[in-house]
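Residue numbers for the sequence shown follow my numbering, so the first one is -10 and each next one is one higher.
In case anyone wonders, no lab produced these hints; they're calculated from the structure.
Check the hints yourself; a few may be wrong.
What follows is a list of derived Cβ distance ranges for each label pair [unchecked claim]:
id, residue 1, residue 2, range
1, P99, K179, 22 to 32 Å
2, L145, E199, 37 to 47 Å
3, L145, P78, 52 to 62 Å
4, G75, G194, 36 to 46 Å
5, D144, L70, 34 to 44 Å
6, G204, V124, 34 to 44 Å
7, T94, N182, 30 to 40 Å
8, E198, Q20, 33 to 43 Å
9, E331, V223, 39 to 49 Å
10, G75, E178, 31 to 41 Å
11, Q20, E199, 10 to 20 Å
From the three backbone atoms N, C-alpha and C, an ideal C-beta is built for every residue, glycine too.
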Amino acid sequence: MHQIECNDVLTARTSPVVSDQHLIYVILLLQPVGVVGAITPWNFPLAMITRKVGPALACGCTVVIKPSELTPLTALAAAELSLQAGIPPGVVNVVMGNASDIGDTLLENPKVRKITFTGSTAVGKKLMAGAAKTVKMVSLELGGNAPCIVFDDADLDVAVKGSLAAKFRNTGQTCVCANRILVQEGIYEKFVNAFAAAVRSLQVGNGFEEGVSQGPLINEAAVQKVESFLEDAVSKFATLPYPNFMWSLSTLSFCREEVFGPVAPLLRFKTEEEAIHIANDTNAGLAAYIFTTNVQRSWRVSEALEYGMVGVNEGLISTEVAPFGGVKQSGLGREGSKYGMEDYQENVVDPVMDERLAEFVVDSHFKSEAKGVNLPVDPELICCVQWTECSYCSQAHRINDKDVYCACKNAFQTTRDRGCCGLGNTHTPGLFHFNSKGIQKSLQK
-10 MHQIECNDVL TARTSPVVSD QHLIYVILLL QPVGVVGAIT PWNFPLAMIT
40 RKVGPALACG CTVVIKPSEL TPLTALAAAE LSLQAGIPPG VVNVVMGNAS
90 DIGDTLLENP KVRKITFTGS TAVGKKLMAG AAKTVKMVSL ELGGNAPCIV
140 FDDADLDVAV KGSLAAKFRN TGQTCVCANR ILVQEGIYEK FVNAFAAAVR
190 SLQVGNGFEE GVSQGPLINE AAVQKVESFL EDAVSKFATL PYPNFMWSLS
240 TLSFCREEVF GPVAPLLRFK TEEEAIHIAN DTNAGLAAYI FTTNVQRSWR
290 VSEALEYGMV GVNEGLISTE VAPFGGVKQS GLGREGSKYG MEDYQENVVD
340 PVMDERLAEF VVDSHFKSEA KGVNLPVDPE LICCVQWTEC SYCSQAHRIN
390 DKDVYCACKN AFQTTRDRGC CGLGNTHTPG LFHFNSKGIQ KSLQK
């Protein structure tokens, strides 16, 4: 629904500019990319589909969805619901099977103009390399290694609540989960005790049962991965269950790789500069979190962190009205909000007009009650996309070689909302199109 409301990015954009001392008028048409291949993950099997399909459809694209083999039924249900909602067959499509084969087909088929993918960085790199063969557009939302930084001046209750949400949402199985919790030494002991108490209050069980906040990991492989991280930390003398990692961060799997599980490593730091260095010491750059009551510090640290999104005193940062995405090896492009819709559009300049035509457009669109323009009346020069009967008269009248006006008003009158072209017709502002023959004739005069 939010994409439908963003109509300001779905239509043409117009800009009067000066080039070589001449006024020209640039019309930028926003056209759909075309067929989109959407490869989605298992951790949010419906939300990841709607996040990609919604803006694609709003921009006029059709979509081929390749869901995770771990959650295929949700994608089928979404496609069925789209048909029930009135979306024509063939607009939203789902293909399931061997991921490698389907991925290769989407990459190699020239009819597919764009690939959008949410998943691991390793797979994202392969897709990016494959898309290069046909020069497809790609949007990649890849892995993260989110730091959560708690400063001495943080509100302890807010920091604990926010860190808990950032770490344990969806049992830690999100790309924006806090992977490392950095706590300044002045508040470290208090935070550890309060955070540990909050973790103990989490209830593990069947997600359909009342009060349960932590469910299972997706499969046995995910369990084994988290256990291997724990074994690595314990072998390097970390203390459990509330680890205080004091050695080189590069030696810990927890701090170098995305955990994707319900384990929270806590690290102590002394200074703001140290925290920023630790936070940025990774190839990932998706999300970060900071907790502080100092407004200047919040701005300073947010700008220093090399991440696409920074939550300030907030552990849940994803929202449909803000762009979602990362920097460095966490991906390309953005999803959500009106900015995410730009990834599903092509910009086409149509056209760059000469000075006299530009003057007419500027006068008729942006100058209230313009009184006259120097424009010869020639049907081959002026052709609006949408034609309706002029509310003043049915034809244009020429009083000399240059000036055109509506006889019934004895003037060439127009407003921003009702333009009247030289042929005596109204048109929708911003929808001009001048054919090539007309442009050539205009430039010759």
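Checked hints:
Distance hint for P99 and K179: a CB-CB separation of about 60 Å, inconsistent with the stated range 22 to 32 Å. Range check, L145 to E199: about 29 Å between beta-carbon atoms, so the 37 to 47 Å window is missed. At about 55 Å, the beta-carbon gap between L145 and P78 stays in the expected band of 52 to 62 Å. With their beta carbons about 40 Å apart, G75 and G194 fall inside the hinted range of 36 to 46 Å.
For the hinted restraint 34 to 44 Å between D144 and L70, the CB-CB distance of approximately 42 Å keeps it satisfied. Judged by the Cβ atoms, the range 34 to 44 Å given for G204 and V124 holds: they are separated by roughly 42 Å. Checked against the given bound of 30 to 40 Å, the beta carbons of T94 and N182, roughly 54 Å apart, lie outside it. Judged by the Cβ atoms, the range 33 to 43 Å given for E198 and Q20 is violated: they are separated by roughly 49 Å.
Taking the beta carbon of each, E331 and V223 are about 47 Å apart, inside 39 to 49 Å as hinted. Evaluation of the 31 to 41 Å hint for G75 and E178 yields a failure: the beta carbon distance comes to about 59 Å. For the hinted restraint 10 to 20 Å between Q20 and E199, the CB-CB distance of approximately 50 Å leaves it violated.
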